[in-house]
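There are 2 protein chains.
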Amino acid sequence: MNAKDLIKKSKADFGDEIELFSKKIYTGVLMPSHNNIITLKLKNGYNIGVKIDGSSKIRVIKKKQEKTGILRNIKHLKGRPVISLISTGGTIASYVDYRTGAVHPALTAEEIAFSVPELTEKYNVKAKVLFSILSEDMKAGHWKKLAKEIAKELNSGADAVVIPHGTDTMGYTSAAVSFMLKNLTAPVILAGSQRSSDRPSSDASMNLLSSAKLAETDLAEVVVVMHGETSDTYSLIHRGTRVRKMHSSKRDAFKTINGKPIGRIDETITFFQDYRKKSNDKTIVNDRMEEKVALIYFFPGLIPEFFDYILKNNKGVVIAGTGLGHVSSDLIEIIRNAKIPIVMTSQCLNGRVNMNVYSTGRDLLSAGVIPVEDMLPETAWVKLMYVLGQTTKMEEIRKMMTENMVGEISPRTMVD
Amino acid sequence: MNAKDLIKKSKADFGDEIELFSKKIYTGVLMPSHNNIITLKLKNGYNIGVKIDGSSKIRVIKKKQEKTGILRNIKHLKGRPVISLISTGGTIASYVDYRTGAVHPALTAEEIAFSVPELTEKYNVKAKVLFSILSEDMKAGHWKKLAKEIAKELNSGADAVVIPHGTDTMGYTSAAVSFMLKNLTAPVILAGSQRSSDRPSSDASMNLLSSAKLAETDLAEVVVVMHGETSDTYSLIHRGTRVRKMHSSKRDAFKTINGKPIGRIDETITFFQDYRKKSNDKTIVNDRMEEKVALIYFFPGLIPEFFDYILKNNKGVVIAGTGLGHVSSDLIEIIRNAKIPIVMTSQCLNGRVNMNVYSTGRDLLSAGVIPVEDMLPETAWVKLMYVLGQTTKMEEIRKMMTENMVGEISPRTMVD
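So the protein lines, in turn, are chains B and S. Quick note on the working numbering: the first sequence kicks off at 1 and runs consecutively. Quick note on the working numbering: the second sequence kicks off at 1 and runs consecutively.
Just so you know, not all the hints are guaranteed correct.
Note: identical chains are not told apart, hence a pair may lie in one copy or across any two.
Unchecked claim - Straight-line C-alpha distance at most 25 Å; calculated PhoX-like pairs for lysine-lysine:
no.	residue 1	residue 2
1	Lys64	Lys182
2	Lys148	Lys128
3	Lys78	Lys128
4	Lys122	Lys63
5	Lys339	Lys62
These aren't lab readings, by the way, just hints derived from the structure by calculation.
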């Protein structure tokens with residue numbers, strides 16, 4: 001017996017409270033189910049997968065309240081903030097296939113909201129599934145759609161836009177929408193989880209609830225909210241242009257690089273540094289981006305032929321060089337002859353590029369390389385796409401790349 | 001007046017104790033000098049650069065003792081360990097050009113030894129300049145020469161081989177010689193510095209002295225010894241296949257990733273974990289390496305055409321994928337059709353790849369990708385070059401890549 005068939009036969013819908021008869025009797029909320037496993041969210045918040053067969057039965061105890069993508073009418077909870085949830089997919093909006101153990105993206109706003117009933121109890125939640133993809137498939141086209149959707153929600157009065165997003169490329173997307181959106185009227189928060197929301201150990205719930213809390217502050221930046229440590233004690237607010245996934249599986253995988261997080265969220269919100277405040281203007285989107293830009297981490301086998309191919313097939317290149325911003329000297333002439341902007345960051349990730357210290361750095365500077373201080377390689381790549389969407393004049397490109405726009409470059413401090 | 005001319009005229013040599021008359025009188029050891037600046041090491045260990053003109057004069061007070069690359073006869077200090085210094089260049093073996101402020105590689109063994117007189121007082125030091133290059137120019141050919149030179153020194157009875165090396169690619173080189181050398185009879189230590197040795201704040205001295213101390217232990221691995229924190233309190237011993245430069249300028253830039261350092265060195269040596277002990281056999285070198293291997297950090301703009309070019313022009317590719325080891329799904333078919341080994345690591349650097357969790361990972365596995373646990377992308381790249389030097393059979397490549405050889409893969413531990 002297939003779960004979908006049994007659900008259909010029983011006239012049940014995801015979100016209904018049901019009784020499942022299958023060897024034992026189970027009571028809970030019906031979750032998206034696949035193959036021969038019915039997934040139930042139990043009263044205690046845990047999910048279970050129950051194997052069914054031809055004799056299994058479902059009885060609907062209570063139908064769920066809504067069927068549309070809008071989970072609550074935004075006037076429902078008087079005086080409470082409006083949270084616009086724009087789901088893009090990823091683990092935070094995914095389910096475990098209990099047959100294979102694999103995780104798949106969720107398909108409906110309900111699937112996401114199920115994981116955080118507390119959210120709809122405290123806030124007026126508007127939810128929408130914009131994409132249902134794993135974040136490794138997010139591209140510039142997705143960022144543009146997302147930026148427009150965010151602006152629409154902000155300009156419709158949302159007190160916060162919360163974006164469930166896969167963690168794999170969340171840092172790239174947060175950087176992209178950071179550059180594309182101007183005059184934010186409320187916080188834009190990307191939140192992910194490192195455990196799927198139907199697993200007991202999921203961090204989805206805490207990160208979404210923490211995100212929503214920002215609606216009650218005057219912060220109006222693009223940020224990433226993720227666990228601050230492995231246990232459920234607090235979340236950290238990371239600036240969207242400064243954050244990088246630094247662990248493949250830990251809950252506190254996201255780190256602010258070259259700076260402190262903006263703040264932390266537990267019972268209250270503590271800010272560690274200045275942030276951008278709400279704008280009184282309308283939020284606008286500038287989604288012009290040049291997509292033919294490459295990001296290359298230098299390695300000692302990066303031969304001139306390969307590098308030449310990269311330069312010839314792109315309109316701009318960001319290099320994550322070694323140390324203070326170096327590549328092997330056999331690449332310098334190719335760089336000198338290139339007609340496209342070549343931007344230097346460091347594969348050390350931490351620290352600043354400084355190309356005046358060593359002869360290689362100085363040669364690279366004279367060949368025209370644009371050093372971008374302490375910007376992350378991934379952020380520099382996104383920014384170069386954005387900048388090349390605005391201008392093709394080299395001097396303007398250089399100026400825009402080396403000037404701080406949205407917190408991606410911090411001022412120099414004197415060190416030794 | 002040019003420094004070189006003045007030195008020649010005065011019959012002075014680098015290493016001589018001299019008096020320099022130039023407006024004031026300075027006394028110190030003559031260091032390599034360039035342009036119109038004479039560099040002196042003062043009694044207090046600090047260096048100064050003195051501008052000279054036509055009226056400047058040098059008087060030699062005391063000639064230096066040796067003129068050859070061998071700084072001490074290895075029988076000189078009875079019963080003391082023999083340290084073989086094989087210099088490759090880099091900041092640890094470099095000088096500041098006081099005219100431009102730029103740093104240049106040193107050219108002689110003397111230039112290196114000058115920075116650490118304590119070394120020659122405590123040990124029998126043999127020194128040799130193998131290369132004088134900045135480490136961004138180190139390639140596979142250099143690793144091979146270096147590995148042979150190390151083996152020669154070990155087989156000639158060295159109690160430690162210490163390799164001053166530029167920090168930019170020190171992690172690549174340490175991984176390379178880790179794979180190429182078998183049956184080490186003594187420790188092989190790469191040491192760098194983040195400040196050139198003629199600057200007062202140099203970390204060269206402490207790292208070289210700490211390295212030499214390992215001669216008195218039974219450790220016989222390839223390791224990197226660098227500052228453990230920003231001040232001169234202790235150095236850390238990092239396994240050669242586990243270490244990555246994680247800051248562009250700090251002294252404690254080097255971190256052991258996915259594990260603890262092997263130990264720390266201050267007055268004494270404290271080991272934090274097991275290590276390989278001295279071999280009684282002769283050290284052998286296996287320097288067969290396939291150089292046509294690429295290391296690619298995935299980014300959301302890595303288009304199929306570019307990826308296809310990479311696969312077609314290499315004999316093997318290491319991907320630093322997102323998260324648990326992913327790339328966008330539009331690359332999977334290209335991978336499936338590739339005839340070369342494609343190895344997966346994580347650009348998170350920390351944590352393990354696990355390609356059974358998400359559908360993309362499972363698809364990549366079925367397409368033939370080789371996941372290499374918690375190996376660093378850079379180490380996996382070096383290892384794939386080494387493995388392809390040994391075999392071209394896919395199943396042997398897979399087996400060798402996924403088995404731990406020299407500490408590059410740690411056993412799985414259970415996590416949630």
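Status of each hint after checking the structure:
no.	hint	verdict
1	Lys64 to Lys182	neither (39 Å within a copy, 67 Å between copies)
2	Lys148 to Lys128	within (14 Å within a copy, 63 Å between copies)
3	Lys78 to Lys128	within (21 Å within a copy, 79 Å between copies)
4	Lys122 to Lys63	within (22 Å within a copy, 83 Å between copies)
5	Lys339 to Lys62	neither (66 Å within a copy, 56 Å between copies)
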